[in-house]
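These are the residues of each chain, in order.
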Amino acid sequence: MFLLTPCVVMAQNDLLGELEKDSKKETEYAFATFKGTRLGNGHTVETKPAGTLEFIFGHRFGAINGGSYEMFGLDQAYVRLGLDYGITDHLSASIGRNSTDKTMDGYLKYKLLRQSSGVKNFPVSVTVLGGAAYKLSPKDNKEVAPDFENVDRLAYTGQLLIARKFSPNFSFQLMPTLVHKNYVTQSIESNDQFAVGFGGRIKLTRSIALTGEYYYNVSRVSGSPYYDAMSLGIDIETGGHVFQLLLTNAIGLTERAFITETRDNFFDGDIHLGFNVTRAFQLKKNK
Amino acid sequence: MQIVKLIVLLLASVPAMAQRYSAEKTFVSFFSKASVEDIKAENTKAVSMFDATSGEVAYSVPIKDFKFAKSLMQEHFNEKYLESEKYPKSTFEGKIVGFKGLVEGVQQVHAQGKLTIHGVTHDVDIPGTLEKQADRLVMKSKFMVKLEDYKVRIPQLFWKNIAEQVEVTIDFTYQPK
Chain W
1 MFLLTPCVVM
11 AQNDLLGELE
21 KDSKKETEYA
31 FATFKGTRLG
41 NGHTVETKPA
51 GTLEFIFGHR
61 FGAINGGSYE
71 MFGLDQAYVR
81 LGLDYGITDH
91 LSASIGRNST
101 DKTMDGYLKY
111 KLLRQSSGVK
121 NFPVSVTVLG
131 GAAYKLSPKD
141 NKEVAPDFEN
151 VDRLAYTGQL
161 LIARKFSPNF
171 SFQLMPTLVH
181 KNYVTQSIES
191 NDQFAVGFGG
201 RIKLTRSIAL
211 TGEYYYNVSR
221 VSGSPYYDAM
231 SLGIDIETGG
241 HVFQLLLTNA
251 IGLTERAFIT
261 ETRDNFFDGD
271 IHLGFNVTRA
281 FQLKKNK
Chain A
1 MQIVKLIVLL
11 LASVPAMAQR
21 YSAEKTFVSF
31 FSKASVEDIK
41 AENTKAVSMF
51 DATSGEVAYS
61 VPIKDFKFAK
71 SLMQEHFNEK
81 YLESEKYPKS
91 TFEGKIVGFK
101 GLVEGVQQVH
111 AQGKLTIHGV
121 THDVDIPGTL
131 EKQADRLVMK
141 SKFMVKLEDY
151 KVRIPQLFWK
161 NIAEQVEVTI
171 DFTYQPK
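These protein sequence lines are chains W and A, in that order.
Going by the working numbering, the first sequence runs without a break in its numbering and finishes at 287.
Going by the working numbering, the second sequence runs without a break in its numbering and finishes at 177.
Check before you lean on any hint, since a few could be wrong.
Said to hold, decoys possible - Here are the simulated lysine-lysine pairs, BS3-like style, with alpha carbons at most 25 Å apart:
id	chain 1	residue 1	chain 2	residue 2
1	W	Lys25	A	Lys151
2	W	Lys111	A	Lys151
3	A	Lys67	A	Lys40
4	A	Lys95	A	Lys67
5	W	Lys203	A	Lys177
6	A	Lys67	W	Lys120
7	A	Lys67	A	Lys140
8	A	Lys132	A	Lys177
9	W	Lys25	A	Lys33
10	A	Lys132	A	Lys33
11	A	Lys45	W	Lys25
12	W	Lys111	A	Lys177
What the hints assert, rightly or not - Cβ pair distances, simulated, as ranges:
id	chain 1	residue 1	chain 2	residue 2	range
13	W	Lys102	A	Asp149	39 to 47 Å
14	W	Leu53	A	Gln19	36 to 44 Å
15	A	Glu104	W	Phe166	28 to 36 Å
16	W	Phe148	A	Lys86	51 to 59 Å
17	A	Glu148	W	Leu178	24 to 32 Å
18	A	Val36	W	Val221	22 to 30 Å
19	A	Gln175	W	Leu210	51 to 59 Å
20	W	Lys102	A	Lys151	46 to 54 Å
21	W	Glu18	A	Lys86	18 to 26 Å
Stated by the list, open to error - Selected chain W positions facing chain A (Cβ under 7 Å, derived; list incomplete):
id	residue
22	Gly158
23	Leu160
24	Ile162
25	Lys203
26	Thr205
27	Arg279
Keep in mind that the hints were calculated from the coordinates and are not lab data.
Please read all numbers here as calculations on a predicted model, not as lab measurements.
Idealized CB from N, CA, C, for every residue including glycine.
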């Protein structure tokens, strides 16, 4: 009698356990691998969800080691104003204007693969990026070279963004990148340049994260006046905004500018204070 | 005497198994009225079971399946407030009090049991109704959840955007299992 009682009680009491047993195994996709679409100067795997428009204001001051005459860099400003729009949850488009070299730029970003666990297991998220940048400076083609044409002002970027969210607090990203510039001074650089970027974030609190990013340019020629771009930053998220405060040696915010044309050496103290501020607007409500 | 007791017990346990209801359609939503904007999310992925003999009821709601009008809000809800990677489900386990059996009409009932949200469990007593519609059972409930009780922290800066308590609505339709 008493041996049987527990069986009956079990059968009646563990409805929740039965529910868990009955519920189908699902695939869990990693989300919010990074707070924003930019890690520092470059991109993250993140795109904007469908119907979301994001305004990005990227700002870099002058070099901190400019001394008190330059107010430690605060007298100078390099700005990129940009808009990102989510066409679908996986495809977004972006346009921008960077005061560095008076550059107009445009990107398309597509989420190719998503990190997942459960029924479908995949270790990383992969996003592809294709972009073009058009330099408006200098105004007159003849200032560059006698045979310089408008088409020589263009540069293209192809990039794979590969990220893994190891835990809610730690994400790491690899960024193999190809930059093609239609016109270069052959003695100091080549038209096609390949770089390997890497970076990540460590969340300190649920709203604050530390970020780091480094682009190693593999195609650097000896005697090049350029340096690898890097940044160290802090992400602060508040509602619809993300504030990214960072220290970087780059002043340009297009891949061409920071991967191939960074003239300052971080380790010589040519460090610029910068920030990216974003504001998202939901243009189309989800249904 | 012992034998009789045993038989009675065995007989009782058979219909207990047969009177199981499982939810075929579920709807869980919450609503928060705040000065800046109202926040609303809906979820149709909950699972639930009801034992009409013992009155026991249980449900489980996957947090990530709450749909918001704003994508960013949905991300923040999962990442920062409910921490759905750590606490993927909200559950309830308890008993329906005042259930008069499978009779026609709307019955005013109470669900007493353990509600778990964001990894925090509290004993609750939730009012609701139960209605038999042909072979189906419809359970409805509306109750308030104080975010503080379940350690759902709202940043001070944005307290205006999120109310301190939210109204949860539950609408489950069960069929015999």
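Results for each hint:
1. Lys25/W - Lys151/A: Between Lys25/W and Lys151/A the Cα gap is close to 28 Å, so the pair fails against 25 Å, i.e. violated.
2. Lys111/W - Lys151/A: 34 Å, violated
3. Lys67/A - Lys40/A: 8 Å, holds
4. Lys95/A - Lys67/A: Outside the cut-off at roughly 29 Å; violated.
5. Lys203/W - Lys177/A: With Cα atoms ~46 Å apart, Lys203/W and Lys177/A exceed 25 Å; violated.
6. Lys67/A - Lys120/W: 22 Å, holds
7. Lys67/A - Lys140/A: 20 Å, holds
8. Lys132/A - Lys177/A: Holds, because 15 Å separates the two Cα atoms, which is no more than 25 Å.
9. Lys25/W - Lys33/A: 35 Å, violated
10. Lys132/A - Lys33/A: Given pair Lys132/A, Lys33/A is violated - Cα atoms ~32 Å apart, limit 25 Å.
11. Lys45/A - Lys25/W: Judged against 25 Å, a Cα distance of about 13 Å means the pair holds.
12. Lys111/W - Lys177/A: 42 Å, violated
13. Lys102/W - Asp149/A: 39 to 47 Å: Hint violated: Cβ distance 56 Å, outside 39 to 47 Å.
14. Leu53/W - Gln19/A: 36 to 44 Å: 54 Å, violated
15. Glu104/A - Phe166/W: 28 to 36 Å: 56 Å, violated
16. Phe148/W - Lys86/A: 51 to 59 Å: Roughly 57 Å apart at Cβ, these two residues keep to the hinted range, so it holds.
17. Glu148/A - Leu178/W: 24 to 32 Å: 52 Å, violated
18. Val36/A - Val221/W: 22 to 30 Å: About 55 Å separates the Cβ atoms of Val36/A and Val221/W, which means 22 to 30 Å is violated.
19. Gln175/A - Leu210/W: 51 to 59 Å: Since the Cβ atoms of Gln175/A and Leu210/W sit about 52 Å apart, the hinted range of 51 to 59 Å holds.
20. Lys102/W - Lys151/A: 46 to 54 Å: Given range 46 to 54 Å: holds, Cβ gap about 51 Å.
21. Glu18/W - Lys86/A: 18 to 26 Å: For Lys86/A against Glu18/W, whose Cβ atoms are near 24 Å apart, the range 18 to 26 Å holds.
22. Gly158: 27 Å, violated
23. Leu160: At about 24 Å, which exceeds the 7 Å cut-off, the nearest Cβ of chain A leaves the hint on Leu160/W violated.
24. Ile162: 21 Å, violated
25. Lys203: 10 Å, violated
26. Thr205: Since chain A brings no Cβ nearer than about 10 Å to Thr205/W, farther than 7 Å, the hint is violated.
27. Arg279: 10 Å, violated
In this structure, the hints that do not hold are numbers 1, 2, 4, 5, 9, 10, 12, 13, 14, 15, 17, 18, 22, 23, 24, 25, 26 and 27, in rising order.
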